[in-house]
Amino acid sequence: MTALTQFDRLEASALWTPPGDAQRRDVVVSLGKASISILDRSETPLAHWSLAAIERQNPGRVPALYRPGADSDEALEIDDALMIGALDRISAAVSRARPRRGRLRVAILGAASLALIGTLVFWLPGAMVRHATAVVPPAVRADTGARLLRELARLTGEPCRNPASRGPLDALARRTLGSGAGQIAVLPSGLDGAVALPGRIVALGRDTIEDHDGPAATAGYVLDALERASREDPIARILDASGPRATLLLLTRGEIPTSAIEAHARRLLEAPAPLAIEAPEGVLARFRTAQVPSTPYAYALDPSGERSLPLIEGDPMAGDDPRPVLTDGQWIALQSICDG
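Be aware that the sequence shown starts at 1, since it is given in UniProt numbering, and climbs by one per residue.
Hints may contain errors.
[Unchecked claim] For each label pair, taking beta carbons as the anchor points, the in silico distance ranges come out as:
no.	residue 1	residue 2	range
1	Arg267	Ala93	34 to 42 Å
2	Asp213	Ala127	43 to 51 Å
3	Gly157	Asn58	23 to 31 Å
4	Arg130	Gln23	48 to 56 Å
For the record, the hints were derived by calculation from the structure and aren't laboratory data. Beta carbons: idealized from backbone N, C-alpha and C, even for Gly.
Hey, can you work out the whole structure from these sequences and the hints?
Here's what the structure looks like:
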């Protein structure tokens, strides 16, 4: 599919007709490697179309009219010449790759042809997962993380919200996640420790805040979760546990099935991920970058310090006087986040 690479990150304005009788909307269309993402003006994902399924309804006319399948009532109207040319060339490339002997039903050619190619090229499930993880667009990551957080909330209760704690939680996110996009959500029950979700979302159990004397330990849970996510992509964790069908649907439709999201949420609550302190170099580097002492987190994990000794001996802030993770007032306010 070499036709895809030269148009990577291409975007254009469009008119989108949602499924059903919904009114047309002004949107932004972003071209990815396996799908196009339809976003509103605030870059919130609205829909994803598989490139293999897109059909142009009015060849040669502008604005070009596209649908994600002949029977769909969803539509995109695009008048950007570069985007039209890209989609037409990609459609031609997909068409050439399709089987020509009529062995597959016409109704499933769009999705199944790309799935067949993916299965043949990436025969081993592990290779398929690695490929899907590498090409998934940021918008799909963010959408998957939001869906997984909603499912966790269905099982544990809605994330804790207290107006007085909003500022301190944002300050903790800036200190640990950096200045880019990201979110910390505190769950009221069911989750021990912390887990990183796709799209730089970190879910914290309320115990990571309420059971400790200072914010450095809480920050440690976030940094540890981020380090684990850097070693095993959260998208890959979902796909590895969900089987090849979920991987193929992500490649062809740009979305992980709801059943896989629901099952993974249950797994996260039943079997927390192993801590990154088993190989402490990476997590200590994150403490150093965030200027957070690792010793408070070490004693939060093991009050004796024996199991978490590498975090104590390797504390990058030992002997320094780093600025506090939060002020005393912010920390007191954050500890009441689940009381609102």
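Hints, verified against the model:
| no. | hint | result |
| --- | --- | --- |
| 1 | Arg267 / Ala93: 34 to 42 Å | holds, 38 Å |
| 2 | Asp213 / Ala127: 43 to 51 Å | holds, 47 Å |
| 3 | Gly157 / Asn58: 23 to 31 Å | violated, 49 Å |
| 4 | Arg130 / Gln23: 48 to 56 Å | violated, 41 Å |
In summary, the structure is inconsistent with hints 3 and 4 from the numbered list given earlier, while agreeing with the others.
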